[in-house]
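Novice: In case you want the letters, here they are:
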Amino acid sequence: MRRFDLAIAIGGAAGQGIATPGDILARIFVRRGLHLNAYNAYQSIIRGGHIFLTLRTSDQPVHSFGDKLDILIPLNQDTMNRHLRLMRAGSAVLYNSDKIKPGTAADGVQRCPFSVKELAPTLKGDLVQNTIALGAVLRLIGVEFKVLEEILTLQFKRKGEAVIAENVGVARAGFDYARDHFKPFPFVLPDTGKKLAFFEGNQALAMGGAAAGVRFYCAYPMSPSSGVLHWMARQARQLGIMVRQVEDELGVINMAIGAAHAGCRAMCATSGGGFALMSEALGSAAMMEIPVVCINVQRAGPATGVPTKTEQGDLWQVMGAGQGDYPRIIVAPTSILDCFKTVPQLFNLVDKFQCPGIVISDLLLSEGRSSVDPAELDFNVPIDRGAVIGLNGDSPPPNGDYKRYKITESGISPRALPGTPGYAHVVATDEHDEDGVLISDEFTNPNKRRAIHEKRMRKMEGILPLLEPPGIFGPADTEVTLVGWGSTAGVIREAMEKLAGEEGIVANHLQIKWLVPLHADAIASIVSNSKKTIIVENNYSGQFARYLRSETSIVADGHIRKYDGEPFMPHHIVDGVKAILAGATRNYVPVHEIMV
Amino acid sequence: MSIPMVETEAGTRGALQGRANRVKLTVKDFKGKVDPDWCPGCGDFGVLSALKQAIAELGLQPHEVVTISGIGCSSNLPGYINAYGMHTLHGRALAVATGVQLANHELKIIATGGDGDGYGIGGNHFLHCMRRNVDLTYIVMDNQIYGLTTGQVSPTSTKGMKTKSTPYGSVENPINPIPLAIAGGATYVARGYTGQVKHLVELIKGGIQHKGFALIDAFSPCVTYNHDNSYEFFKQRTRTLEDMGHDPTNFNAAMEKAYMWGGVIPIGLFWKRDDLPSLDQLEPVLAEGGPLARRPLGVSPEFAQSLIRELM
Chain U
40 MRRFDLAIAI GGAAGQGIAT PGDILARIFV RRGLHLNAYN AYQSIIRGGH
90 IFLTLRTSDQ PVHSFGDKLD ILIPLNQDTM NRHLRLMRAG SAVLYNSDKI
140 KPGTAADGVQ RCPFSVKELA PTLKGDLVQN TIALGAVLRL IGVEFKVLEE
190 ILTLQFKRKG EAVIAENVGV ARAGFDYARD HFKPFPFVLP DTGKKLAFFE
240 GNQALAMGGA AAGVRFYCAY PMSPSSGVLH WMARQARQLG IMVRQVEDEL
290 GVINMAIGAA HAGCRAMCAT SGGGFALMSE ALGSAAMMEI PVVCINVQRA
340 GPATGVPTKT EQGDLWQVMG AGQGDYPRII VAPTSILDCF KTVPQLFNLV
390 DKFQCPGIVI SDLLLSEGRS SVDPAELDFN VPIDRGAVIG LNGDSPPPNG
440 DYKRYKITES GISPRALPGT PGYAHVVATD EHDEDGVLIS DEFTNPNKRR
490 AIHEKRMRKM EGILPLLEPP GIFGPADTEV TLVGWGSTAG VIREAMEKLA
540 GEEGIVANHL QIKWLVPLHA DAIASIVSNS KKTIIVENNY SGQFARYLRS
590 ETSIVADGHI RKYDGEPFMP HHIVDGVKAI LAGATRNYVP VHEIMV
Chain L
68 MSIPMVETEA GTRGALQGRA NRVKLTVKDF KGKVDPDWCP GCGDFGVLSA
118 LKQAIAELGL QPHEVVTISG IGCSSNLPGY INAYGMHTLH GRALAVATGV
168 QLANHELKII ATGGDGDGYG IGGNHFLHCM RRNVDLTYIV MDNQIYGLTT
218 GQVSPTSTKG MKTKSTPYGS VENPINPIPL AIAGGATYVA RGYTGQVKHL
268 VELIKGGIQH KGFALIDAFS PCVTYNHDNS YEFFKQRTRT LEDMGHDPTN
318 FNAAMEKAYM WGGVIPIGLF WKRDDLPSLD QLEPVLAEGG PLARRPLGVS
368 PEFAQSLIRE LM
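As you go down the protein sequences, you meet chains U and L in turn.
Position 211 of the first sequence, counted from 1, bears residue number 250 in our numbering, the numbering being contiguous throughout.
Position 192 of the second sequence, counted from 1, bears residue number 259 in our numbering, the numbering being contiguous throughout.
Because the hints were derived from the structure by calculation, they are not lab data.
Owing to the predicted nature of the structure, the values given are computational and were not obtained by experimental measurement.
There could be a bad hint or two in this list.
Stated by the list, open to error - Below are the DSS-like pairs computed for lysine-lysine, each with C-alpha atoms no more than 25 angstroms apart in a straight line:
id, chain 1, residue 1, chain 2, residue 2
1, U, K391, U, K234
2, L, K98, U, K445
3, L, K100, U, K445
4, U, K487, L, K100
5, U, K494, U, K391
6, U, K494, L, K100
7, U, K487, L, K272
Said to hold, decoys possible - Only some residues are given here: those of chain L computed to face chain U with a beta carbon under 7 angstroms:
id, residue
8, L169
9, N171
10, L343
11, L349
12, A354
No residue lacks a Cβ here, since even glycine has one placed at the ideal position from N, Cα and C.
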């Protein structure tokens, strides 16, 4: 049972300093061993607009940012106006009464005004209210002041004693004011004694790359994928990773392919628009049989779309990227921790099968934050480079008969790295024979074309048995099975708990991670036992539902789809399941109540 | 800042140096698996022969060289030479080549292609590869036409040129790659002519020995689709910069010669500077430990712990 479940939101304009108090709170939670899930709703603007950061914490795992807010910290009037109406009895709103008027709140919402002018009369600047609010919030949830003092001291260490003293003093004023004037929450934030860590999905993807032994990373900046580039660039020198910012995504993927061909594990990340530019080259990696990993962090599209909002709208793009048939692996990690674990798994597969691998993430996963047990962050992962000649500068005796694209049963032919004496060969994006000699130009040979094409495509058969088949979560025999893919695992899990706990509807859950190749038979056999199947996805057209139907002939009984740019909240799915089971609709589209 | 000087004598750096019993190879040893499928008389034959000769004369071995091309008639070149090769996508040779060079900076990278591939569809990579001074030699077989697509206007086609896509004559100004490269940051800028193979061999050798980005724009007449810029056209006009007494370290003189076009078209080395480090020399990750591609994978347990601590 959960002892407590607390969500705090901080909202304001870009530039009002929301990130710092958010980080401090997150750090306090995980250091007490509490679980965390955080989501930041923002816009493509550097100053102004509306940013709304939600941090949810509990003594039990939290898989989404939840359905309710317990504490609202509006840093401007706009935030107060947008969000006060959603606050319910038992919650609290902390605000600077010098500047912000509260408006009408529901019964039982505690208003906690404080005056910056009174509490910090000598200090100027917009950030003072954040520090006061931080002190006050911690008092309301029973955190002792010294915890905050330590963190502020660390935070401002580089800025000197005076700045530390000023910030600690202001926070203390907020803390004391709350003690004297506001009603605390009916619990004290516990400390489990087992510290957790927290990270965002992009960090997890980058760290997964480092663990996998990525030696070459390149990218063109594009929200919401740039976090991977930033992490890589910061750690590059210590880790011995070549990190390059390239002129465009055409250059990015081709440069990564070049580095991969030379023998590096090479990775790049982008979002849908950049991925579109990479399409042709992904096919070329498959054609030349070069292993490379590309991450597509989806944002709401098409075109420039909504750069700072989330969507699962690129599934068909990644499945269809590039002309012609070619082997590829597509994987959608199901949590932030899974981002870390998936990248090394994918590298072993692409190295073994010498083809491109695509990680499909989205803004929710990549920019969301989650607590993690540090013991789960194992960098000592198995590494399998597959059939390579000349690895680590080895010089095996030259084989006069070496054929780069030798036709084999598995479709895998040993690849010799450039620089290895005696194995010189040409890799080509034109169709070629076993020797690498083009068959596209002078004498196109249908038999050779067929043989080499089948050799490449045969690799797909070898990949599938190595992928973990999806499993059902929850009881076997239920009223309804909820099916999702990738980032929605957490929110569906919570919706399932809510359905059982609050609505008396018993559901189970099937989340698909490995998308191509697909465990179609395993999925079909699971779903055949379900009384009703509902597919949940963050897009308009049901891209996954249509894919599942094409691969398994499964026609779902209902769909819950969302494409407003914001992620699902658990109650959206609960409401959808109820509506579908009641026969009110087959396609439920929830309304996002929070105006962000 | 002191920049580590790297021995520029081809084939004598790093791990390659240690290989005993280097056999001096001849042009024949660099013959590819198949013969070129270019039209009889194509200028690209001259470039291929000059390249093989340059590599042989420099004492390089097939495994030390990677030829990397895009798409087009001239981009078929890697298939016709015994060395490691990559025949990549249209326009992408320099991007792929940069990746290979940074992953294994002991290899000699020769990028090849045509004017459409390099100055048209690959134009952006051309600009950025030059400003980065990536250590590779880029040979553009410039025939001022799209040949493989059967004769359309190219970025270097002369204004007024009639092609299948400009039947009334091109109204656009062509790119002049020489001043573009000099201004763009290339540190070795030359123009050759496939009708003068010996001269071209020297330019290519100079380019390969040069530490940094070397462009060799080689006039390579298309006998099938470009009847304006024929062997006869170039024979009457080309004059070597060496004969003209040009000093390739003089920027103003290089720019002046680069813009010469008409009765006299200069060929030879326009511009060279050796004082700028190449990208691999500037990259701290490559300062020690040899080529990236040969380094063991993985993160040390100590560093892994420090990465995890950052998250707590």
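Novice: Quick check on the hint: L343(L) CB to chain U CB, less than 7 angstroms?
Specialist: violated, 18 angstroms
Novice: Hint check: is the beta carbon of A354(L) less than 7 angstroms from a beta carbon of chain U?
Specialist: Constraint on A354(L) not satisfied, violated at 9 angstroms.
Novice: Can you confirm whether the C-alpha distance between K487(U) and K272(L) stays at or below 25 angstroms?
Specialist: Violated - the C-alpha atoms of K272(L) and K487(U) are around 38 angstroms apart, more than 25 angstroms.
Novice: Below or equal to 25 angstroms on CA atoms is what counts here, so check K98(L) against K445(U).
Specialist: Distance of about 22 angstroms is within 25 angstroms: holds.
Novice: Min Cβ distance, L169(L) to chain U: is it shorter than 7 angstroms?
Specialist: At about 5 angstroms, which falls below the 7 angstroms cut-off, the nearest Cβ of chain U leaves the hint on L169(L) intact, so it holds.
Novice: Taking 25 angstroms as the top limit, are the C-alpha atoms of K487(U) and K100(L) close enough?
Specialist: holds, 17 angstroms
Novice: Verify the proposed pairing of K494(U) with K391(U), using a straight-line Cα cut of 25 angstroms.
Specialist: holds, 14 angstroms
Novice: Should the interface hint for L349(L) be scored as holding, given a Cβ-Cβ cut-off of 7 angstroms against chain U?
Specialist: violated, 12 angstroms
Novice: CA of K100(L) to CA of K445(U), is that 25 angstroms or under?
Specialist: This hinted pair holds, its Cα atoms lying about 16 angstroms apart.
Novice: Within a Cα-Cα threshold of 25 angstroms, do K391(U) and K234(U) meet the stated pairing?
Specialist: violated, 38 angstroms
Novice: Closer than 7 angstroms between Cβ atoms is the bar; does N171(L) clear it against chain U? Give me holds or violated.
Specialist: holds, 4 angstroms
Novice: Given the proposed pairing of K494(U) with K100(L), does the C-alpha separation stay at or below 25 angstroms?
Specialist: Given that 25 angstroms is the threshold and the Cα spacing comes to 22 angstroms, the pair holds.
This entry does not satisfy hints 1, 7, 10, 11 and 12, going by the numbered hints stated previously.
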